[in-house]
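Undergrad: For this one, chain D is given, so just place chain X on it according to the hints.
One letter stands for each residue in the lines below.
There are 2 protein chains.
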Amino acid sequence: MLPSVTRCSTKLLVYTHRSGRKIKEKVAKMLEIKKLLGDEGQAKFVLKCPKGTRDYGPRAMAIREKVLRIVTDSFKRHGAETIDTPVFELRDVLMGKYGEEGGKLIFDLADQGGELLSLRYDLTVPFARYLAMNKVTNIKRYHIAKVYRRDQPVMTRGRYREFFQCDFDIAGQYDAMLPEAECLKVIDEVMSALELGDFQIKLNHRLMLEGMFAVSGVSDSEFKTVCSSVDKLDKVPWDEVRAELINEKHISEQAVEKLEKLVRMRERNNSLSNAQLLDCFEKDSETGVHTSVKKAIADMRLLLDYCVLYDVEKRVVFDPALARGLDYYTGIIFETVVKGYTAGSRSGDATDGVIDENSTNVGSVAAGGRYDNLVGMFSQKKQSVPCVGVSFGIERLFSIMEMRAELEKSAVRTTETEVFVASAQKNLLKERMKLCKLLWDNNIKAEMVYKANPKMLTQLQYCEERLIPIVLIVGERELQEGVVKLRNVEDRQEKDIPLAELVDEVRIRLANGTRR
Amino acid sequence: MLPSVTRCSTKLLVYTHRSGRKIKEKVAKMLEIKKLLGDEGQAKFVLKCPKGTRDYGPRAMAIREKVLRIVTDSFKRHGAETIDTPVFELRDVLMGKYGEEGGKLIFDLADQGGELLSLRYDLTVPFARYLAMNKVTNIKRYHIAKVYRRDQPVMTRGRYREFFQCDFDIAGQYDAMLPEAECLKVIDEVMSALELGDFQIKLNHRLMLEGMFAVSGVSDSEFKTVCSSVDKLDKVPWDEVRAELINEKHISEQAVEKLEKLVRMRERNNSLSNAQLLDCFEKDSETGVHTSVKKAIADMRLLLDYCVLYDVEKRVVFDPALARGLDYYTGIIFETVVKGYTAGSRSGDATDGVIDENSTNVGSVAAGGRYDNLVGMFSQKKQSVPCVGVSFGIERLFSIMEMRAELEKSAVRTTETEVFVASAQKNLLKERMKLCKLLWDNNIKAEMVYKANPKMLTQLQYCEERLIPIVLIVGERELQEGVVKLRNVEDRQEKDIPLAELVDEVRIRLANGTRR
Numbered sequence: 001m002l003p004s005v006t007r008c009s010t011k012l013l014v015y016t017h018r019s020g021r022k023i024k025e026k027v028a029k030m031l032e033i034k035k036l037l038g039d040e041g042q043a044k045f046v047l048k049c050p051k052g053t054r055d056y057g058p059r060a061m062a063i064r065e066k067v068l069r070i071v072t073d074s075f076k077r078h079g080a081e082t083i084d085t086p087v088f089e090l091r092d093v094l095m096g097k098y099g100e101e102g103g104k105l106i107f108d109l110a111d112q113g114g115e116l117l118s119l120r121y122d123l124t125v126p127f128a129r130y131l132a133m134n135k136v137t138n139i140k141r142y143h144i145a146k147v148y149r150r151d152q153p154v155m156t157r158g159r160y161r162e163f164f165q166c167d168f169d170i171a172g173q174y175d176a177m178l179p180e181a182e183c184l185k186v187i188d189e190v191m192s193a194l195e196l197g198d199f200q201i202k203l204n205h206r207l208m209l210e211g212m213f214a215v216s217g218v219s220d221s222e223f224k225t226v227c228s229s230v231d232k233l234d235k236v237p238w239d240e241v242r243a244e245l246i247n248e249k250h251i252s253e254q255a256v257e258k259l260e261k262l263v264r265m266r267e268r269n270n271s272l273s274n275a276q277l278l279d280c281f282e283k284d285s286e287t288g289v290h291t292s293v294k295k296a297i298a299d300m301r302l303l304l305d306y307c308v309l310y311d312v313e314k315r316v317v318f319d320p321a322l323a324r325g326l327d328y329y330t331g332i333i334f335e336t337v338v339k340g341y342t343a344g345s346r347s348g349d350a351t352d353g354v355i356d357e358n359s360t361n362v363g364s365v366a367a368g369g370r371y372d373n374l375v376g377m378f379s380q381k382k383q384s385v386p387c388v389g390v391s392f393g394i395e396r397l398f399s400i401m402e403m404r405a406e407l408e409k410s411a412v413r414t415t416e417t418e419v420f421v422a423s424a425q426k427n428l429l430k431e432r433m434k435l436c437k438l439l440w441d442n443n444i445k446a447e448m449v450y451k452a453n454p455k456m457l458t459q460l461q462y463c464e465e466r467l468i469p470i471v472l473i474v475g476e477r478e479l480q481e482g483v484v485k486l487r488n489v490e491d492r493q494e495k496d497i498p499l500a501e502l503v504d505e506v507r508i509r510l511a512n513g514t515r516r
Numbered sequence: 001m002l003p004s005v006t007r008c009s010t011k012l013l014v015y016t017h018r019s020g021r022k023i024k025e026k027v028a029k030m031l032e033i034k035k036l037l038g039d040e041g042q043a044k045f046v047l048k049c050p051k052g053t054r055d056y057g058p059r060a061m062a063i064r065e066k067v068l069r070i071v072t073d074s075f076k077r078h079g080a081e082t083i084d085t086p087v088f089e090l091r092d093v094l095m096g097k098y099g100e101e102g103g104k105l106i107f108d109l110a111d112q113g114g115e116l117l118s119l120r121y122d123l124t125v126p127f128a129r130y131l132a133m134n135k136v137t138n139i140k141r142y143h144i145a146k147v148y149r150r151d152q153p154v155m156t157r158g159r160y161r162e163f164f165q166c167d168f169d170i171a172g173q174y175d176a177m178l179p180e181a182e183c184l185k186v187i188d189e190v191m192s193a194l195e196l197g198d199f200q201i202k203l204n205h206r207l208m209l210e211g212m213f214a215v216s217g218v219s220d221s222e223f224k225t226v227c228s229s230v231d232k233l234d235k236v237p238w239d240e241v242r243a244e245l246i247n248e249k250h251i252s253e254q255a256v257e258k259l260e261k262l263v264r265m266r267e268r269n270n271s272l273s274n275a276q277l278l279d280c281f282e283k284d285s286e287t288g289v290h291t292s293v294k295k296a297i298a299d300m301r302l303l304l305d306y307c308v309l310y311d312v313e314k315r316v317v318f319d320p321a322l323a324r325g326l327d328y329y330t331g332i333i334f335e336t337v338v339k340g341y342t343a344g345s346r347s348g349d350a351t352d353g354v355i356d357e358n359s360t361n362v363g364s365v366a367a368g369g370r371y372d373n374l375v376g377m378f379s380q381k382k383q384s385v386p387c388v389g390v391s392f393g394i395e396r397l398f399s400i401m402e403m404r405a406e407l408e409k410s411a412v413r414t415t416e417t418e419v420f421v422a423s424a425q426k427n428l429l430k431e432r433m434k435l436c437k438l439l440w441d442n443n444i445k446a447e448m449v450y451k452a453n454p455k456m457l458t459q460l461q462y463c464e465e466r467l468i469p470i471v472l473i474v475g476e477r478e479l480q481e482g483v484v485k486l487r488n489v490e491d492r493q494e495k496d497i498p499l500a501e502l503v504d505e506v507r508i509r510l511a512n513g514t515r516r
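If you read the sequences in order, they're chains D and X.
Start counting the first sequence at 1; every next residue gets the next number (the numbering used here).
Start counting the second sequence at 1; every next residue gets the next number (the numbering used here).
Please note that the accuracy of each hint is not assured.
For chains that are exact copies, the list does not tell them apart, and a pair is met inside one copy or across any two.
As the list claims (entries may be wrong) - The calculated SDA-like cross-link candidates involving lysine to any residue, where the alpha carbons are at most 20 angstroms apart (straight line), are:
id	residue 1	residue 2
1	K283	E260
2	K451	L309
3	K66	D55
4	K224	C280
5	K455	D175
6	K339	R315
7	K48	G376
8	K76	R64
These are computed hints drawn from the structure, not numbers from a lab.
Just chain D, with the same shape it has in the complex (with noise of 0.2 angstroms):
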C-alpha cells in the first residue's frame, strides 16, 4: 500500500556534483516534471501535508482559538446570526464570479458521476446561493469556515491554498452607507483587539473606479480585465502595471497615463485628508461632472461621517487604486493593511519554494464592500438583495500571532485540565480511576496517568510542564484515612482533605484563580 520511503533518482547526485544556480534550477525542473509523471512519482512516497496546506499542532490550535474568539465575539456584539454552507458547491454556482485571476485558481472535484464540484473560493458566493435558495432577503450572518484556492502558496506569510475566512455580512435594503459603516466599525473592532499594531482601512468604490476608467478612454468591456492589472499595484510598482495594461491587454498608452493621474493620485497626495482628496475630483473638469464619480464621492463623503460617529474615520484611507480583483462588487470597497507588515513589491510573488524567510508582509488581512447583484444572479425571478459584508483572512493573521508566541517563548496552554490525580504507591489504579469519576462527574477537568505504576515524580513534571494547577494525590495512609492530599502545584505547598470535602474544596481554589 504505503511504498518505500524514499527511492532517489542516482542520476541527481551526479548533478549536485556541479554547483552554482543552473545546477538548482535544472533539479527544480527534473523534479517538476517527476512530479507530473504522476505514476512513476507514486513510487516515492513522501509523508506531507499536500503542497499549500498545513497541521494546527497543539499550540498553533490555542493561537487559532483565540484569534477566532475574537474575531466571533465582535461579530455576536453586533448582533449577527450564523451559517453553515457545505464545503464544496455545484460548479455552476462559483463559474464567473472571481474575475480573471480567480477564476482560474478554483479546486475541482474529480467527476466521479454525478454533479461536477468545486471547493468553495470564498464565503460570499455560497451565503448569496444560500439567500436566494432560502428566499431570505434580509439576514445579518457571520460565517467561519476554510475556503480553498489553487494560489501559488507562501507559507511564512500565512498565503496558504486552504485558509480560514471570517465573514460578517448584512444583506437587506437599508439606508445607504449605514451597513457599511457597520463592517467598517466591526474591523476596527476586531484589529485592535488583536494588538497587531498600527493599521489603514483603505477605501474606494466600484462607480469610481468605473468613472476613473471611462474618463481616461477605457472601454466597458475592458473593465474588469483593466481592475485586475490594477488589483496588483499593492504588490507590484506601476511601470509593471503600465507594461501589463499597454503590452498584454492593448489598452492605449494615451489611456494608460490618464488613467495613471487618477488612479496614483493617493500615492502623490499622501498628506492630503480624505476629504481633500475627495474634492481633488469633484473639482476636476472631467471626473467632477461624471455621473459614477459623483455617485461615489456622495456615498464615501456620507460614509466618512458616520466613520468620525463610530471613530473609526482615522483608519480610513481614501485610495483610488484599491481594485479588488472580484466581479461582484457593485459600490463601496475596502481593505485592511496592518502597516508594520506591508513589506509590498516584488518579494511577495515568490515561487514556491523561493521565500524571504526575513519577511513578515502578510498584506491584506480583512476586506469586503457592497455587492448588491449577486443575490439576484442565482434568483429564478432576478430578485435582487443588497448585501455588504467584510472576510477576515485570518490565516495572516495566525502566522503574526504564532511568530510573536515563538519569539516571546510564551507558555501557551494547550489543556484546561484542573485537577491531576497521582499516586505514590503502588496498585492505587483503582482508587485514582474513582477520584478521577468522581472530579468529572462534579465537572472538574482531571487526567491521570494510564500505568498501573507511576513514578511520582514523572507525575508532578508532567503538572508542572503543563501549568496544571492542582495534584491529587491518593496513598495508603491517606485511604485508611479518609483523606486525599492536595497539593498546589505553584507553590508545592501541600495540604490533607477529607474525601467527602473534596469537590467543594477544589472547585473554591480554582475560583479563587487557581494557583495561590
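TA: Frame of chain D; chain X shown alone:
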C-alpha cells in the same frame, strides 16, 4: 453564465398523466440519465446544495453549536488537546485504509496538475499521518471537523456526504484497557448530557472476530471480505449476509453455518450478562482454546472491570456480531446505538429520494476502537504508536435534536443581542449610532435598524420576536433631559436612565437574569 432556471422536458408531462409506481420509477430513471448526460444537464440550472449536503441556517446552527459544546466540554474535561488537519490529503495517505466498502466512497479532487488529492474520509487516518509526520508518540487529542463520503445519502436520518465527526483519541504506550475505559466513559458522558434517551455501547474485539472466523474455517485472506459482510448485520437480516457470503464471496456453507452460531450468540442469548456470554466462548471446546479468542476475552474482562469503576458497565453489551468495516482496528471495537432510534432492517438502505419519512433510525452515533498499527504504516522506521479512540457522528444527533426542536416548537435564539437601540421620532439616526457605539465599546451586544426613520412598532416587534431583553429608546425629550428610556421587553416596563449611568444599569440588568 447562469442559464434560465427552469426548462422541463414536455415528454415527462405525458408520462405523468398515467399513474402508479411504475411511472414514478421511470421518471426517476430518466432524471438520473438526464443528470448523467452532464453537458445537457447544465442547460438546466437548479439552485441547490450538492447531493448529500445541506446548509445550516441560523436555527440549525444554534442547535449544532449546543451539541458541539457538550461534546467539546467532555473532551476538555478529560484533558484533551486539539489539532486540525487539511480537508484533503495526498491520495496515497487514504488508500487501503477503509476496507472493501469504504474505499469506493472516497471523494477525489480533479487532477489539475500537481498532487493527487482526496477529501478526508475520517479524522483517524489524518491523525495517524500527523503523528507519524511529527514523530509524536503520545498525545490525547480531540478533533472536530467535517469528513466526506460518496455514500447514498438519507438526509432524514442524518446520513450525509459531508458530515461532522468529533474524535477523541489517546495515543501512547499505556497499560491495558485504561485508555479504552476512558473512551467509553466519554461516550457515556456525552450521550447522557445530550438527553437522547437510553443507549447501548456494543463491544467486541478484533481478535474475537479473527478467532471466530478461524475456528469456522474462514481463511486469513478472507478475513476482510467476511468482516465487511458481517458488518452489515445491524442493517440487513442474517439470510442476506449468509447469501452474500456463500454466493458472492464463495465461503463454504459449512463455514458460514459455523460462523453463524458464533456471531449470532448475543442475538440468541440476549438475557445473558456480558460475563456470562464471555463464559460461553471460554467454555466452548474450539473458541475456548484459540489463542486470539483467549486474548480477546481477557481484554474484555479487564475492560468490563474498569467500566464498573466508571459506572458505564450498564451501557455496555458484548456482541460478537459487531464487526466495524474498517481495516485498521487491532483490538477492542465499540459502537453506540440510541435505543429509541434503532429501526434497523431494510428500510435503512432506502435509495435517494425513496425515504421513509417517519423513521428516525439514526444508526450508530459514536464508534471506535483500538488501532495499534496505523501510525506505523506511515512511519519511515515503521515505528508503531498504539492508539485508541472514539468518533461521534454528530449529524445524526443534530437530526434528532432538530426534529425535537421542531416538535416542541421551542424558541431557539439565533443571536445573542442584549440591547436594541430604537428611536420614536425622526432624525435621531446619529443619536442611535452614538448609543450603539457606547454599548459596543463597553462589550454589550447591541443592534439598531439600518433606517433613518424606522417605525417604533416595527422596532419593538423585532425585539419581541428575537427575544432581545432590553430596548433603549432615544427621543427629543430624553435627549434634552440627558436620559435614555430603558424598556424591559418582557414586562414592557419603562424607566428613564441618566446617560452617565446607562452602561452600569444595563450591565446590572443583564447580570440579574436579563428579563426581570
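Undergrad: Against each hint, give a clear statement of whether it holds in the structure.
TA: Hint check:
1. Proximity of K283 to E260 under the C-alpha cut-off of 20 angstroms is restricted to the intra-copy arrangement: shortest distance 18 angstroms within a copy versus 91 angstroms between copies.
2. Within a single copy, K451 and L309 get their C-alpha atoms only as close as 62 angstroms, which misses the 20 angstroms cut-off; across copies the closest is 16 angstroms, which meets it.
3. Taking the shortest alpha-carbon separations for K66 and D55, only the intra-copy value of 17 angstroms comes in at or below 20 angstroms, while the best inter-copy value is 26 angstroms.
4. Taking the closest pair of Cα atoms, K224 and C280 never come within 20 angstroms of each other, the shortest separation being 25 angstroms inside a single copy and 76 angstroms across copies.
5. In this homomeric assembly, K455 and D175 come within 20 angstroms of each other (Cα to Cα) only across copies, at 14 angstroms, whereas the closest approach inside a single copy is 69 angstroms.
6. In this homomeric assembly, K339 and R315 come within 20 angstroms of each other (Cα to Cα) only inside a single copy, at 11 angstroms, whereas the closest approach across copies is 58 angstroms.
7. When the C-alpha separation of K48 and G376 is checked against a cutoff of 20 angstroms, the pair qualifies only between copies, where the shortest distance is 15 angstroms, while the shortest distance within a copy is 42 angstroms.
8. For a Cα distance limit of 20 angstroms, the shortest separation of K76 from R64 qualifies both inside one copy, at 18 angstroms, and across copies, at 17 angstroms.
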